[in-house]
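Colleague: Those protein sequence lines, which keep their order, are chains A and B. Just so you know, we're using our numbering here: the first sequence kicks off at 1 and counts up by one. Just so you know, we're using our numbering here: the second sequence kicks off at 1001 and counts up by one.
Bear in mind the hints are in silico, worked out from the structure with no lab data behind them. Source: prediction; values computed, not measured. Be aware that one or more of the hints could be misleading.
[Claimed, not checked] Chain A is nowhere near these chain B residues, computed Cβ spacing over 12 Å in every case:
(1) Glu1158
(2) Leu1234
(3) Asp1260
[Unchecked claim] Listed next, with one range per pair, are the computed distances between beta-carbon atoms:
(4) B:Arg1546 to A:Arg285: 39 to 47 Å
(5) A:Pro305 to B:Gly1144: 40 to 48 Å
(6) A:Gly47 to B:Leu1184: 46 to 54 Å
(7) A:Glu331 to B:Asp1260: 29 to 37 Å
(8) A:Arg390 to B:Thr1246: 50 to 58 Å
(9) B:Asp1260 to A:Ala420: 29 to 37 Å
(10) A:Arg390 to B:Arg1153: 23 to 31 Å
(11) A:Arg501 to B:Arg1134: 56 to 64 Å
(12) B:Pro1150 to A:Lys248: 37 to 45 Å
(13) A:Ala431 to B:Gly1426: 36 to 44 Å
(14) A:Arg390 to B:Glu1064: 40 to 48 Å
(15) B:Phe1425 to A:Glu331: 48 to 56 Å
(16) A:Ala209 to B:Asp1470: 35 to 43 Å
Don't be surprised by glycine CBs; every beta carbon is placed ideally from N, CA and C.
Each chain, written out:
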Amino acid sequence: MNRAPLFLLYLNVLAVATCGLIYELLAGTLASYLLGDSVTQFSLVIGIYLSALGVGAWLSKFVERKLARCFIEVELGVALLGGTSAPFLFLAFGAIDWFQVLLYGLVFLIGTLVGLELPLLMRILKDHVDFNDLVSRVLTFDYIGALLASILFPTLLVPQLGLIRTSLIFGILNALVGLWGTFLLRPLLTDRELGGLRGRATLVIGLLAAAFIKADDLTSYAEESQLSASIIHAESSPYQRILITQNKTGFQLFLNGHLQFNSFDEYRYHEALVHPAMAAPTPRRNVLVLGGGDGLAVREILRYPEVEQITLVDLDPKMTSLAKRFPPLAELSDHSLDDPRVTVINQDAFIWIDQQSNKFDTVIVDFPDPGTFSVGKLYSTFFYRKLQQRLTDDARITIQCTSPLVAPQSYWCILRTLEAAGFHVQPYHAAVPTFGIWGYAFATRVPADPPTEMDPEIVSQCRFLNSEIMQGLFEAPGDIQTVDAEVNQLNNQILVQYYEREWSRWE
Amino acid sequence: MSECWPGDWRTNRRELLQSALLAATTPWLCGCGESPPSLKGEMLSPSFDLGHRIRDGFRPPTPEGTPKEVDVLIVGGGIAGLSAGWRLKRAGMENFRILEMEHVAGGTSRSDRSDLTAYPWGAHYVPFPNEQNRALLQLLEEMGAVSQRPDGRWGAAESVACRTPQERLFAGGRWGEGLFPAHLATQEDARQWERFEAEINRWIDWRDAEGRPAFTIPVDRCSPAAEVTRLDALTMAEWLNRIGVTSNLIHWYVDYCCRDDYGLNVDQTSAWAGIFYFASRKTKSTEEELPILTWPAGNGAIVDFLSALLAPQLETGQAVFHLRPGETRTTVAVFDLQTQTAKEFSAKQVIFAAPQFMALFLIPTLSEERRAATREFQYGSWVVANLHLSGRPPESDYPLSWDNVLFESLSLGYVVATHQLGSDFGPTVWTWYYPLCDEIPAEARKKLLNSTWEDWTALVLKDLDAAHPDLRKYLTKIDVMRWGHAMVQPRPGFVTGEARMQARQPFGSIHFAGTDLSGLALMEEAFYHGLRAAEEVLAAIGTEFRSMIAT
């Protein structure tokens, strides 16, 4: 062997090391994304991967003959396993219960194969190079590869390609290096071995390339699009998948893939939701919040010192505990759910409302949009009638009602339903950049005018609202006019149909 | 369906049942339906033993004391008996008794309750009655299930009208909305479906020379015109073929409907009864679909309401074993299951609101002609299982509905007891239904009697396996009820036959009620016959009343 191929073999080391670390980072990121708790996931993945490298190195001594062939076989094996690891794990996550076993098993297997590579390569080269020089160069390129991977992964690969494409691309790269190895190590291979190895390398490259072309489908399946912003928290509860992402503007909460708020402009949404109900002629003391497990509506309510009691009913204990314990959200909500005046109840509001006997003077209804029957029931005449029985005579309630521009029939259906349940209703809306124009309803048991004045004390704490802006919320622009809609009842759930039809036009 | 489930429901259904009951542990289950050892549950039966003892001439101890005198005695506390009591009470009567053999009232409409929810053991819904059925609307109004709107039209209470999502079907590996597997239908299926609908609509709008509809509830008000009664000579399958509907999918769907309402297959059900199922609810084909009324307890909610109202009159655990009509009064001998003693009642009038076949054993003096008529009544057997779940098995596609049906299964699927509570998460109870559609009902009963809890648990799990592969993880208990005489069967010739009309003629001062007198097991028919028998009694006693059932 002459000097040129030797130098190329060191490049080979660089590529192998980069690919190896990329697979490790992929597994760690994926585990944090799918299972949450990134500290644990990264620790475990790194630990298992490093120990597997050791196992691979130890196993290498059992390879006694056909070193070159074995080296290329291992490289192709790493290419296939590592290249398919991200898409495979994404798909497996939804399909199996023993996901963690699979994840760590795969990390261990990849680590073992990568661990085999360098000892084999060094043994191939030891007869051609001075040993001191060999060790120093191989390890140098190995560590440069690691550095390259750790810089490329967060800055270029994940934001530009996403996890699945990164995984597949590095698999292809890895297999190409293997194919290239058959040329570099040609003198050490028999003709038969050569044909077999090149055939297998082409097969692996073809397979991964095909998967890369199909990556769009895989990506949408895996909701990976949300990874364009970095994921800072992910967990699954029996009720929903909770995901928090972060980008330059702030952080965002997704429930089952639907954006709930962006920290950058959520104050507009929540001020408009809460203050029209709270800014009443008589003090509000006993407030009910339905939904709103993020604690942001409660933050606005707590600005009123006369409030004595706030009852928050949210289905998901994981959501409300996230609002208390996840630092960015706890800070954004001013730790509102930890306030002694707040009682958190984790129950389906539909069931809870039937078991109550006390009355509330204010209700803030902040349910997710009515995209499923299990949420649609919370927008029915039946539910609103039950709610009405829980109200004092002068009670005021506000309800988030989806977008009156995107989904006008859904919006007016909610208002008609409130009226059918006996409420006096005023439509209003606010501009929230993340959502566009957003719709709300102001409802009372007896006819009442929406508020026109806000307490200067409160205004001083608001970023969006003051008395004039509050009045403006209730002015109806030309493009938000009443449309015909039926009343949403439990036995028709017409609202879910409207909602699906109207929002699907935008997807 | 997994490969161990017989592929063709038409040819294999009897074989399957046989093997299911006689050899549940043999390899036909492919090892995938073995009953898990830790699962608990009970095998329940309405008093099989006592029923058989009475049939075989049971003679309890001699009644003690003098007979208790009452104006009216009602034998049987199912919907018919309770409705009769409701009618008598509305006419101002108080001195009557309702005697029920079981420890709870309700018959096949009975229900039970866990810490979580009430759940049915049998009948579980009532279609919204049409405006002509004033008496039933009245009862439902008293229950708070319906109310009259300011414009005079009747509407269902939102808590009782079945909540959306109402029905779904598991076919082709996924759940879809509604009970017809539309996504499997070819253009030809769709064309035949239109034909089927057109034919049903024709019958909905059909009127005879006197303006009577062909099919309505109660059966008594259906037109006796030959054009209509002729349909009773055919099976439903024959009728479908005659109108050019040969599609497998539609035959499956209609078969499902026949099994659901009558416990008979499409080729066993009279075409008259089959069309009745589709055409009797609406008065005009253009009318909107009316809601289904349902409760967590199913029709047990009606039973509970009537039982509370009739608490002073209703006695359970009272097995009537002998009726002896006399000159002026009828003597009724009763065995008290609690005290194991016998007593007697002396009643001016009796309403016999138990299944007709029991009259053969309880009224020894019944004429031979009447006996012959009664023997023509055939009854189908059912198994009902209540599955107690700690949570909902995760699934995608169309969400868990009130009624959940499996395409090409021999069961009828399951209804969800907690649906009407508005509960969408957490623990629940599913009620699974299985009609035994054997050609000879007595054979089905024999098999039923010999089957075990393990047999049925294995069959339930097997049946639901394709749709809910991890169901077992959520199951905490399965209770199984065997109903030997669950439903009268409207096989061809029975509804329009002589026997049915003969069996309802009073025998001395004994008046007959029971849904089987309609030839169909429907809550509305049981209610109607309860009222009819009660009004016969009111007339016989000479009480002034305005009929609630006259047209």
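Colleague: Are the hints correct? Go through all of them and say.
Modeller: Do the hints match the structure? See the list:
| no. | hint | in the structure |
| --- | --- | --- |
| 1 | Glu1158 | 4 Å, violated |
| 2 | Leu1234 | 35 Å, holds |
| 3 | Asp1260 | 20 Å, holds |
| 4 | B:Arg1546 to A:Arg285: 39 to 47 Å | 56 Å, violated |
| 5 | A:Pro305 to B:Gly1144: 40 to 48 Å | 44 Å, holds |
| 6 | A:Gly47 to B:Leu1184: 46 to 54 Å | 51 Å, holds |
| 7 | A:Glu331 to B:Asp1260: 29 to 37 Å | 57 Å, violated |
| 8 | A:Arg390 to B:Thr1246: 50 to 58 Å | 57 Å, holds |
| 9 | B:Asp1260 to A:Ala420: 29 to 37 Å | 34 Å, holds |
| 10 | A:Arg390 to B:Arg1153: 23 to 31 Å | 30 Å, holds |
| 11 | A:Arg501 to B:Arg1134: 56 to 64 Å | 40 Å, violated |
| 12 | B:Pro1150 to A:Lys248: 37 to 45 Å | 58 Å, violated |
| 13 | A:Ala431 to B:Gly1426: 36 to 44 Å | 39 Å, holds |
| 14 | A:Arg390 to B:Glu1064: 40 to 48 Å | 57 Å, violated |
| 15 | B:Phe1425 to A:Glu331: 48 to 56 Å | 30 Å, violated |
| 16 | A:Ala209 to B:Asp1470: 35 to 43 Å | 36 Å, holds |
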